[in-house]
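Novice: Listed below, chain by chain, are the residues.
2 protein chains.
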Amino acid sequence: MDNFEFYIPTRVYFGRGQIEQLKHELPAYGKRVLLVYGGGSIKRSGIYDTVGAIAKEAGVELFELSGVESNPTIKTVRRGVALCREHGVDAVLAIGGGSVIDCSKVVAAGNCYDGDPWDLVIHPERMEKALPILTVLTIAATGSEMDHIAVITNEETNDKLGTRNPVLRPKVSILDPTYTFTVNAFQTASGVADIMSHAMESYFAKSEAKLQDYFAESILRVCVEFGKKALDTPDDYEARANIMWASSWAINDTLKLGHMIQWSVHPIEHQLSAVYNMTHGVGLAILTPHWMEHVLSEETVDKFYELAVTIWKVPESEDKFAVAKEGIERLKKFYRTLGISEHLADFGIDETYFEAMAGKAAAQLATAYKPLTKEEVIEIYRESL
Amino acid sequence: MDNFEFYIPTRVYFGRGQIEQLKHELPAYGKRVLLVYGGGSIKRSGIYDTVGAIAKEAGVELFELSGVESNPTIKTVRRGVALCREHGVDAVLAIGGGSVIDCSKVVAAGNCYDGDPWDLVIHPERMEKALPILTVLTIAATGSEMDHIAVITNEETNDKLGTRNPVLRPKVSILDPTYTFTVNAFQTASGVADIMSHAMESYFAKSEAKLQDYFAESILRVCVEFGKKALDTPDDYEARANIMWASSWAINDTLKLGHMIQWSVHPIEHQLSAVYNMTHGVGLAILTPHWMEHVLSEETVDKFYELAVTIWKVPESEDKFAVAKEGIERLKKFYRTLGISEHLADFGIDETYFEAMAGKAAAQLATAYKPLTKEEVIEIYRESL
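Here the protein sequences come in this chain order: L and Y.
All residue numbers for the first sequence refer to my numbering, where the first residue is 70 and numbers rise by one.
All residue numbers for the second sequence refer to my numbering, where the first residue is 70 and numbers rise by one.
Some hints could be false.
Pairs of lysine-lysine residues, derived as DSSO-like cross-links and limited to a Cα-Cα distance of at most 30 Å, are as follows [what the hints assert, rightly or not]:
(1) K382(Y) x K372(L)
(2) K382(Y) x K198(L)
(3) K275(Y) x K382(L)
(4) K382(Y) x K401(L)
(5) K100(Y) x K198(L)
(6) K401(Y) x K382(L)
(7) K275(L) x K382(Y)
(8) K198(Y) x K92(L)
(9) K198(L) x K372(Y)
(10) K298(L) x K372(Y)
(11) K389(Y) x K325(Y)
(12) K325(L) x K297(Y)
(13) K394(L) x K297(L)
(14) K275(Y) x K297(L)
(15) K198(Y) x K240(L)
(16) K100(Y) x K240(L)
(17) K100(L) x K198(Y)
(18) K298(L) x K401(Y)
Simulated restraints, written as ranges between beta carbons of each label pair [unchecked claim]:
(19) P384(L) x T226(Y): 54 to 60 Å
(20) A435(Y) x H192(L): 55 to 61 Å
(21) R405(L) x E89(Y): 32 to 38 Å
Reference listing, derived: stretches of chain L covered by chain Y, where coverage requires no fewer than 3 residues with Cβ under 8 Å from a Cβ of chain Y [unchecked claim]:
(22) 287-300
(23) 310-317
Simulated from the structure, these hints should not be mistaken for laboratory data.
Here the structure is a predicted model, which is why all the values come from computation and not from measurement.
C-beta: ideal position from N, C-alpha, C; glycine also.
Here chain L stands alone, though its shape is the one from the complex:
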C-alpha cells in the first residue's frame, strides 16, 4: 500500500426528504446563491419549487444558470461565472446529475480566478479557492457529489478534460434516492455502467491495496445486484438507494487510496463524448470489455481472475485465463441485461476521427495500468464499432 492522505469533508444527507436540510445549510453558506440546473426535469419533479420555497423561507436569494448540457461546455461555465460576478453570489447550488455538478464546480472556482475558466481545466493547480458548492443529486452516476473532479468539454477544440482540485469538493450534498425514481432506463443503465467503471479503474492498479480492492468489489456487487432491479422497478427504494450511495463511494477517493493510478478507459471514452456527445456511461460499457481483452496478460491475469470469481461467480479453475475471459464475457452480458448496446456504430460513430481521438487518449495513458499506444487505442475503438 502506497502512502496517502485521506480527507473527505463533504457532509452528506442521505434519504427521503433530506432536501429539508437546505433550510439551515443554504443560509450557512450565503445570502445570494447561484442555482445551477440542466433542462426542465427539476421543474417537472417539483424539486425546483421545493428549493425555491426553502430559499425564500431561509432568506436566501437565488439566481439561475439553467440549460447545462449533458456534457457541460466551457461556454456554459463562462456564462455561470459572469452571473456570479454580476450578482455577487456567495455560493453555488447544483441540482442535477454529474454534468450539472461538474459545471457548478468550475463556475465556483472560475468566480475566484481572474483569467478564463478553461485555464482551470488545463491547469488545475491554478485553482486557489472556490465558492462553497452544495449539491442536490438527481442521477446516480458520476459521483461528482462527493469528489473533487469536474469534466468539461471545449467544443472549439473537441477536448473533454477532467480537472481536479480539493477546492472543488462539495461542502454539502443531498442524496435522496426518490429523486432518481424518474430517471429513465437508458440513463439508469448508463449511470450503473459509469459507477462500475469507476470501481474497476481503481481496482486495476499497479500496487496492492486489499481493503480498497474489497471496497471496490462491494460497489460492483451492489451494481450487479441492484442495477437491473432499478431498471425494472424504477421506484424500488433499496435498489435506488444502494446505487446512489455506491455512485458516491466509487469515486470519492476511498477506492484509489494507496494504489492511485492514471485511469485507462475514461480517457479513451472521453474522446468519444467530446466528439460525438456520446453518453459517457454507455461509451464506457462498450469500451471496457475490449480494453480488458487488450490488457489481459500473464502479468495481469490474477486480478482478472479475482474479479471473475468474486463478482461474476465464475467457478474457480486452474486455467486462469479461461476464468478471466469468462469474467469478461459475463461483464458484457451484464451490460446487455441493462439494455446497453455493444456497438459504437449504434450511436452514429465511425472511423472518421479514430486517429485523432486515439492520439489524444494514448497521450494520457503513459502511466496507466498498461500503457497503450495510439495504434492499440485505435484497435479498441475498432473492436467496439
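Position chain Y against the provided structure of chain L, taking the given hints into account.
Specialist: Showing chain Y alone in chain L's frame:
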C-alpha cells in the same frame, strides 16, 4: 436503508514516515499542546523523541500526560484536564492506541466543560466543544483515531461506558503501519478481534443496507487474510497496513450508516473489562460466538448464512442452520489460530459478579439486534467461562 447523515472530517496521513506531517499540522492547531501517552513504549520506539524534535522545530511547546491505563480511567482524564488548564493548552496530541486516544478525547472535551468530566461520559449531549485532537496511532484496534467515541472507566462505580459526540472526532490522525511492527502477538490478536467485532456489530442490524454490509465483509476479509500474517511476521508491511486501515473503517461510522443499531457484544464485554481490567478484544472474541449462538434463530439465520458463506467459505447448502452454525465454528477456530483463549476463566474471571454485570449489560440491550434479558446475558457469561 434508513436516512442518515455522513460527515467524517478527520484528515488521515497514512504510511511510512507520515509523522513528518506534524511539522505543519501541530502549529496549525496551537502553540501549547498536551502530549498524551501510556507507558514507555513510545520512548523505546523513538516516536517520543521524534515528536519532541518536530514540536521544537515547529515552535510548539509540549506538556505531558503520561501513564494512561489500558482501560483509561476518569481519574486520569481529570489529571489531564487539570494539566490543560494549568498550562493553557491549545490542542491535544495523543500518541498510542485506543486507550490513549479515548482518554485524550475526554480530556479535550473536559477542558471546555465547567463540571466534572464524568458528566460528559454519562451525558454526552453536554459536550459543546473540545480542544482540537490530533493522534498518532500505534495499535490497530479501537478505531478511535477516526471516530467520535471514547470509552472511559470509573473505578469507583465499576462502570466502563462509551460516550460519543462529534466534537470528539480527531482533526488529524497519523497512521504509520511500521509503528505497529512492535505490537506483540497478544495485543495484535486482540486488536484484530476488536476490529472484527466492530464490523460484525454493525453487520447484524435490523434494517438492510447492502453496500454497508459489503464494506463490513471487506473488513472481515482483510482481518481473516492478514490477521495471522501480522502475528507470524510482525514486520509484514502489507498485513499491518491493511489491518490498520481496516481498524479505522470498522468504526468511522461508514458501516453503520442507514442501519444504525445499538451494539450487542460490546456492552456485554465492557462489564468484564470494567471489573477485571480484561483486554477488550480478547473479551469480545470469547463472548461473540456464544452471543451468536443465542441470537441465531429463524429470523436471523439468513444473515448468519451470508456471513458463513462469504467470510468463512462454508459451502452453500439448503440447511441454512447447519451453514450458519459452521460459520460460527470457523469464527471460533479463527480466534484460536490467533492464539486467543476461549475461556474467561483463563483471565481469573468467575461467576462472582455475573449478576451485577449482566444487569448493567442487559439494560443497554433493549434496542439491540436481539434484546437480551439479564438471565440470557448470565448464560452467555457462563458459556464463556
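Novice: Indicate, hint by hint, whether the structure satisfies it.
Specialist: Status of the hints after comparison with the structure:
1. K382(Y) x K372(L): holds (20 Å)
2. K382(Y) x K198(L): Given that 30 Å is the threshold and the Cα spacing comes to 50 Å, the pair is violated.
3. K275(Y) x K382(L): holds (28 Å)
4. K382(Y) x K401(L): Satisfied, since the Cα-Cα distance of roughly 27 Å is no more than 30 Å.
5. K100(Y) x K198(L): holds (27 Å)
6. K401(Y) x K382(L): Roughly 27 Å separates the two Cα atoms, so the pair holds.
7. K275(L) x K382(Y): With a Cα-Cα distance of about 28 Å, the restraint between K275(L) and K382(Y) holds, given a limit of 30 Å.
8. K198(Y) x K92(L): With Cα atoms ~24 Å apart, K198(Y) and K92(L) stay inside 30 Å; holds.
9. K198(L) x K372(Y): violated (47 Å)
10. K298(L) x K372(Y): holds (21 Å)
11. K389(Y) x K325(Y): holds (26 Å)
12. K325(L) x K297(Y): Within the cut-off at roughly 26 Å; holds.
13. K394(L) x K297(L): holds (23 Å)
14. K275(Y) x K297(L): With a Cα-Cα distance of about 25 Å, the restraint between K275(Y) and K297(L) holds, given a limit of 30 Å.
15. K198(Y) x K240(L): holds (21 Å)
16. K100(Y) x K240(L): holds (29 Å)
17. K100(L) x K198(Y): holds (27 Å)
18. K298(L) x K401(Y): Status violated; Cα separation ~37 Å.
19. P384(L) x T226(Y): 54 to 60 Å: holds (57 Å)
20. A435(Y) x H192(L): 55 to 61 Å: This hint holds: roughly 58 Å between Cβ atoms.
21. R405(L) x E89(Y): 32 to 38 Å: violated (51 Å)
22. 287-300: With 6 residues closer than 8 Å to chain Y, the region 287-300 of chain L meets the three-residue bar; holds.
23. 310-317: holds (count 4)
In the structure shown, a violation is registered for the earlier hints numbered 2, 9, 18 and 21, in ascending order.
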